[in-house]
Each structure stands twice: as structure tokens, then as C-alpha cells.
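> Here is how the chains run, residue by residue.
There are 2 protein chains.
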Amino acid sequence: MEDHSIKVNFCSSEKEKPKSDQLQFGRVFTDHMFIMDYSAPLGWHDARIVPYQPLSIDPSAMVFHYGQSVFEGLKAYLNPDGEAQLFRPEKNLQRINRSNDRLCIPPIDEEYALKAIKQLVAIDKDWIPEAEGTSLYIRPFIISTEAFLGVAPSHNYKFIVILSPVGAYYKEGINPVKIAVENKYVRAVAGGTGEAKTGGNYASSLKAQELVANSGYAQVLWLDGVEKKYIEEVGSMNVFFKIDGEVVTPKLNGSILEGVTRNSVIELLKYWDIPVSERRISMEDLRQAHQEGRLEEAFGSGTAAVISPIGQLTWNDTDLIINNHETGPVAKRLYDTLTGIQYGKVEDPFGWIEKVREPSKVKS
Amino acid sequence: MEDHSIKVNFCSSEKEKPKSDQLQFGRVFTDHMFIMDYSAPLGWHDARIVPYQPLSIDPSAMVFHYGQSVFEGLKAYLNPDGEAQLFRPEKNLQRINRSNDRLCIPPIDEEYALKAIKQLVAIDKDWIPEAEGTSLYIRPFIISTEAFLGVAPSHNYKFIVILSPVGAYYKEGINPVKIAVENKYVRAVAGGTGEAKTGGNYASSLKAQELVANSGYAQVLWLDGVEKKYIEEVGSMNVFFKIDGEVVTPKLNGSILEGVTRNSVIELLKYWDIPVSERRISMEDLRQAHQEGRLEEAFGSGTAAVISPIGQLTWNDTDLIINNHETGPVAKRLYDTLTGIQYGKVEDPFGWIEKVREPSKVKS
Ligand SMILES: Cc1ncc(COP(=O)(O)O)c(C=O)c1O
Ligand SMILES: Cc1ncc(COP(=O)(O)O)c(C=O)c1O
Chain A
1204 MEDHSIKVNF
1214 CSSEKEKPKS
1224 DQLQFGRVFT
1234 DHMFIMDYSA
1244 PLGWHDARIV
1254 PYQPLSIDPS
1264 AMVFHYGQSV
1274 FEGLKAYLNP
1284 DGEAQLFRPE
1294 KNLQRINRSN
1304 DRLCIPPIDE
1314 EYALKAIKQL
1324 VAIDKDWIPE
1334 AEGTSLYIRP
1344 FIISTEAFLG
1354 VAPSHNYKFI
1364 VILSPVGAYY
1374 KEGINPVKIA
1384 VENKYVRAVA
1394 GGTGEAKTGG
1404 NYASSLKAQE
1414 LVANSGYAQV
1424 LWLDGVEKKY
1434 IEEVGSMNVF
1444 FKIDGEVVTP
1454 KLNGSILEGV
1464 TRNSVIELLK
1474 YWDIPVSERR
1484 ISMEDLRQAH
1494 QEGRLEEAFG
1504 SGTAAVISPI
1514 GQLTWNDTDL
1524 IINNHETGPV
1534 AKRLYDTLTG
1544 IQYGKVEDPF
1554 GWIEKVREPS
1564 KVKS
Chain B
1204 MEDHSIKVNF
1214 CSSEKEKPKS
1224 DQLQFGRVFT
1234 DHMFIMDYSA
1244 PLGWHDARIV
1254 PYQPLSIDPS
1264 AMVFHYGQSV
1274 FEGLKAYLNP
1284 DGEAQLFRPE
1294 KNLQRINRSN
1304 DRLCIPPIDE
1314 EYALKAIKQL
1324 VAIDKDWIPE
1334 AEGTSLYIRP
1344 FIISTEAFLG
1354 VAPSHNYKFI
1364 VILSPVGAYY
1374 KEGINPVKIA
1384 VENKYVRAVA
1394 GGTGEAKTGG
1404 NYASSLKAQE
1414 LVANSGYAQV
1424 LWLDGVEKKY
1434 IEEVGSMNVF
1444 FKIDGEVVTP
1454 KLNGSILEGV
1464 TRNSVIELLK
1474 YWDIPVSERR
1484 ISMEDLRQAH
1494 QEGRLEEAFG
1504 SGTAAVISPI
1514 GQLTWNDTDL
1524 IINNHETGPV
1534 AKRLYDTLTG
1544 IQYGKVEDPF
1554 GWIEKVREPS
1564 KVKS
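Here the protein sequences come in this chain order: A and B.
Going by this note's numbering, the letters in the first sequence line up with residues 1204 to 1567, in that order.
Going by this note's numbering, the letters in the second sequence line up with residues 1204 to 1567, in that order.
Since the hints were derived computationally from the structure, they do not count as laboratory data.
All residues carry an ideal CB built from backbone N, CA and C; glycine is no exception.
Take the hints with a grain of salt, since some may be wrong.
[Claimed, not checked] Reference excerpt, derived from the structure (chain A facing chain B, CB under 7 Å, subset only):
(1) 1229
(2) 1267
(3) 1269
(4) 1518
[Stated by the list, open to error] List of simulated lysine-lysine pairs, DSSO-like, C-alpha gap at most 30 Å:
(5) 1387/A to 1210/B
(6) 1431/A to 1218/B
(7) 1321/A to 1374/A
(8) 1431/B to 1431/A
(9) 1321/A to 1432/A
(10) 1410/A to 1210/B
(11) 1432/B to 1432/A
(12) 1432/A to 1548/B
(13) 1454/B to 1432/A
(14) 1321/A to 1220/A
[Said to hold, decoys possible] DEER-style ranges, computed between Cβ atoms:
(15) 1418/A to 1466/B: 33 to 43 Å
(16) 1248/A to 1216/B: 46 to 56 Å
(17) 1248/A to 1473/B: 54 to 64 Å
This is chain A alone, in the form it adopts within the complex:
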């Protein structure tokens, strides 16, 4: 795609911003959004920032019927100097293109999309909340819009970015959660769409999540769809275990989403010289490690929570209590360092931070 400039159509009146202490996740959206259209002859075109508004879409649009869609999730943080900054945004744009490939959606220009995201965040910078642990959630997504009921890749798409100020994930400090190992439902399987960030994976996960929530669990631990033996992910996070001093996480196998946080955790552990490995982990191995007192920590990783310690894993009738329901030292150190880097309070030796320039300095 040619690097066309982004037209900006500012809103006429700004919405009221929610109070920092009343922020939830994903319920309130900022004043503007980014849109770009795709059509077969033109490619991606008509990039524009417009007031946040409903989409007008034909009821036969493919996204409503055949789920051809992908999305991403990242955040903008305010650093101590009051500047907006992003955490490894290029990783999200690389991933959306991997998802696009799996879903037969035409790729986007990653650099151009990053430029668009930065310009949008700059325009709505006042929406980035200031209170501890709060941030501006960024949701880029692509939907198929061709008005056609045939099961085939769409010829028309919209790439959209919306922004939502979100509250601190841990309002009352980090509390390890209870997780149920899921034996019946499957999130994804090799040959399916598990490694893509596409709607169907999440639609498929709702039922299991709803059932365990009724029994007091925060999330499910997903096992592989083939043998239902090997650990894949926890809820919509990647998962790590510290066993015998080594941190392990399931190896990417086609059905696991490659998390940006997962990758950052691995990089940090290596930097700290803490042994870390990616390999297949069975529930039975985990149970045994627990029984022998070798399971030291367990935690999920993802953009929303950063690190989410697991205090208990229930597998059939067995409860594995981990680290006495307390946050372990590795989980704590990872959480503090990652959030420290994200909020610009800790040195960033990896070049993970990408600053957003102020609106006045943005060339369009």
C-alpha cells in the first residue's frame, strides 16, 4: 500500500471522561477512531481518523455470518514525564498479519498501521488515565464487510482502531486465582485457528468459562484438543510454571496464541539468567511435580493483567495448591519489571518502548 496520509475529522464536542477510580475494562471509548477500507481493486485505502461512531454495515456482511475477522490488543501508558508510550506495538502488528494469513484476510502495512495507532493515541491522549495501574487499551481489528452469503474470503474489509481507558487490573493488589482444568471443551486444535487472534476462538471459549465461573473459578486451563493431556493456555493468557527452579511454558504448537507478554517474560528471564524453557507439559507431569513439592509457582501472562498468579489448579477431583495461594517471587519480579518498563519507571534495556509524539508535532 502507498503511504497515503491520514485524513482527520475531529469531533465537534468531546465526551465526558470517566473518573480514574471508576474505570472498568472496555466499556467506554474515546472521542475518535481510525478506519481504513479494503476493496479488491484498490487495496487498503481511505485511511481516516473520525469521531467515534457506529458502523453502518449490510446485514449480509460476511463478518456476521462466517466470522472472518481478526483483532489485537495493546495499551498506551503515561510515563512519569506525562508522555504516552506503547509497549512492543510492532509485535501486535506482526501478529495481526499472521492472523490475517490464517483467515485469508489481505495483510496490512505494519509500519503504516503503527503510524495510524500513534496518531490516534496522540489525538486522544487526554483520555489516557493517570492513576496507578490505569492505561488506554488499544483495539485494532479487521472485519469482512462484503455483502455476500457465499463461504469464501470477502473482497471487502475494514481495519479499525478504537481506544478505551481502562482501570487497574489489580485494584486490591495481586491475588492469585483459582483455575479449573477443562476436560470437556476445547479452545483450539492443531490445524485450527488457535494461533490466530480471531473471534471464533473466543466464541468457542465462552461456554467453558461460564460453567467454571458458576463453580467459583476465575478461568479454565485449556488442554490440547487432541489428547486432552497437554497444557496450552489459561483463559485468554499464556501460562508459565516454575518447576525445580526452572520456568517452563508450553511450546508453540499451532494451537497456542503467541503472546507478546509471553515473549517478554521469556526474554526477561533469560536476561536475569533464570532457566526458562518452552516445551510440552502434561497435566500429569504437573500433578506429579506438585505432589513431590517441585511446583513452585504458576502464572498467566497477557496484556490485560500482565502477570496473573495461579493459587490453585483443580483437575478432576484434585486441588493443586500452589505456593500456599501466594504470589511467588518470580511472578512478582516479572510483574514489577514489566509494568515498570511499560510505565517508564524502570529502565528498558530491550528497546521495547515506543513513544507517541504530541498531537501538535504529528505530521499527517
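Knowing the structure of chain A, use the given hints to seat chain B with the ligands on it.
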């Protein structure tokens, strides 16, 4: 839900109808559509028939992100007396509620939905094309519309029905197709959403379909996601084989969609005293049956094509040529009888036909 009456808001000017011989599938829609809303306190409410029009939906609506949606597909046919009639519509409404259950979508009142479909078809009856093999495709679907980015069942939905006049599937007579057995990609797996009619299953299937189409195949034959040995479906149809005089189809196992046509084929075969069984069928068994000359016929079944004979199955490097690339007698008899019943030209001993009353007689 209480049986509220359906408000009707007629369009002010009718669109031009396509010529019967220029009809495609799912590209042109009729003058009206049915909509009903769901919200947590009210349940399903505000049922209405309105002019066909774009939907106005918040960009954060869950359907765009987490794929929480279901759909159905059935047809209205003109019988020789010029009356509109449906084929086993209650089966589609039962299935949409099974899909709803899997996707955590609140159930609809099946009788009320059938009444709505009949009223909509009656209003747009002039859109049912008359030429041989043509029909009016009916697409009921439900989308999640809550403006919220959390991964959780939506609190708001729309149930919508749109109509599209469609051309004859076999314009130049039935021609058996070439099918490639898919060894890499998986449509669905036990514990996933395969038995539900939800967008994600179709999004997931696009890639495999695109790849085999490039090699000259009409569709893929899906194998089970666990062992990649057992036959599941063909494209978006169920599949049947005639082996040694017996017709077999894969047994429903959680990852196969329970087709209305599949069920009708089984019923018809029983009625004709042709042996039929539902069981697990491996590709290896099929290859062997073919090698020993016992594989007599193969065909897909679905609403769009009714019966779609398979002339060749390619599995790795082996081409199984079936019935010399010709339509077999059982496939032919099923096609003639099913379409005969659907168009009211053949007696319907099963009570499968449901007539649509004329607009003037419709009480709202
Ligand atoms: C299924 C799934 N796994 C893992 C993750 C973690 O990925 P990341 O660290 O990039 O947020 C996410 C979400 O963000 C997810 O949806
Ligand atoms: C995946 C899949 N399998 C089978 C079928 C056949 O079902 P039916 O006979 O009800 O049309 C369909 C579609 O209609 C389908 O989408």
C-alpha cells in the same frame, strides 16, 4: 417470550428483481427483513419487519471481536400451484437453539421465529423466482451487539432474517465434483463448536478451501481433528458413501453439523428399505473399499445443493475415482425425490412441507 405481534413497516419503493437466469447465490436481497432485539432485562422484544437496510452497530460490539454469532440456512420454494412452501423449517429453528446453547446465546421461541419467517416470506413472496431449480434462500442469524470488549457472553443480541433469491445450483445438470482430502487444516474438533452453526467454523475453513481450489478441487473432505483418520464432512455439507450396497454417513460425534438434508436422506433411505447406517468411517477403510471395487457412490448433502455427487477423492497421492465420475443411482434418486418434495411435485409422505400463507391472509 410473549407472543407479541410483529410490526410491519413496508418499504416505500420496491427494488428491481433480478432475472431468473441471472441469479447467483446470496448477492441480492429482497425488499424486507425481520429483526428482533434481545436485552438482558427485556428478553427478546420489538419484533419487526422493516425495509432491507444496513445495520448500525457500535464498533466495540462483541460480534466484531469475539465471534459470538449463529446462523441458519433454509429455502422457500414455489409449488406448481404458485404457493410458497418451506422444507422442515422447524429443524432449522431447533438447530439454531442448539447452536445458541453452545455459544451462550439466549434461546429464541421456535414457533414465534417460524411465524416471523413465514410472514416475511409471504410479504416478499414475489421475490421467489419461478425458473426450474431456483428458490428463495432464507438466512436467519443472531449477532451479539453489546458494546463491550470483555470476553464474556453479550447481554444484547439481534435476531435477523434476510432473504435472497438464488439460482439453480446445477445450471448444466448435476456434475460430480473432485474433492481433496484435507490432511493439515481442521474444521472442528470434539469439544469445539463443530456441531454448532457459528461463524468461527466457516472462518476456519477458508484457508483449506482456498488452497485446494487453486489445485482444481471443488472442496475439501474434512477429517477428524484428533487422529486425522476419520471422515467428518465435505466442504459445508454432510457426506455419504455407498459401500457394498449399504449407504453410510459419519456418526454425529460433536464436531459434525447435523444437517437437515442429512437427516432427510437417512429417512428417505429407510423408507425405501435401502440399508443405511451412521458410523465412524476412516479414510483407510474407504480407500480399501475403493480398491476392492466396493465403493459404489459418494455424495454430499446440504440445503444449497441438496445432493452433490463426488466423482473423485484425492488423498495424498492417491486418486479414488468413484462410479466413473458419474452420478450414481442412489444420489440421483435422492436428489429427484428431495427436490420433488421441496417443489411440491412429488408426494410428501413425511409431512416435511410447511406452506406459507398469502400476505393478505397473514394475521399479524
Ligand atoms: C488466547 C490468548 N492467549 C494469550 C494471550 C496473551 O497475549 P498478549 O501477551 O499478546 O496479550 C491473549 C491475549 O491477549 C489471548 O487472547
Ligand atoms: C458445515 C455444514 N455441514 C453440513 C451442512 C448441511 O446442513 P443442511 O442439510 O441443514 O443444509 C451445512 C450447511 O448447511 C454446513 O454448513
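> Does 46 to 56 Å hold as the CB distance between residue 1248/A and residue 1216/B, or does it fail?
Violated: the Cβ-Cβ distance is about 32 Å, outside 46 to 56 Å.
> Would you check the hint for residue 1431/A and residue 1218/B, treating anything up to 30 Å between C-alpha atoms as holding?
violated (53 Å)
> The hint says 54 to 64 Å between residue 1248/A and residue 1473/B; measuring C-beta to C-beta, is that right?
For residue 1473/B against residue 1248/A, whose Cβ atoms are near 56 Å apart, the range 54 to 64 Å holds.
> Hint check: residue 1432/A vs residue 1548/B, CA-CA at most 30 Å. Holds or violated?
violated (54 Å)
> Is residue 1387/A close enough to residue 1210/B, meaning Cα to Cα at most 30 Å?
Answer violated: residue 1387/A to residue 1210/B is near 43 Å, above 30 Å.
> Would you mind confirming whether the straight-line C-alpha gap from residue 1432/B to residue 1432/A stays at or under 30 Å?
Status holds; Cα separation ~20 Å.
> Take a quick look at whether residue 1454/B and residue 1432/A sit within 30 Å of each other, Cα to Cα.
holds (25 Å)
> Can we keep the residue 1229/A interface hint, with Cβ of chain B closer than 7 Å?
holds (3 Å)
> Tell me if the interface restraint on residue 1269/A is satisfied: Cβ within less than 7 Å of some Cβ in chain B.
holds (4 Å)
> If you draw a straight line from the CA of residue 1410/A to the CA of residue 1210/B, is it 30 Å or shorter?
Status violated; Cα separation ~34 Å.
> Is the Cα-Cα distance between residue 1431/B and residue 1431/A 30 Å or less?
holds (16 Å)
> Regarding the pair residue 1321/A and residue 1374/A, is the alpha-carbon distance no greater than 30 Å?
holds (28 Å)
Checked against the numbered hints listed earlier, the structure breaks hints 4, 5, 6, 9, 10, 12 and 16; every other hint is satisfied.
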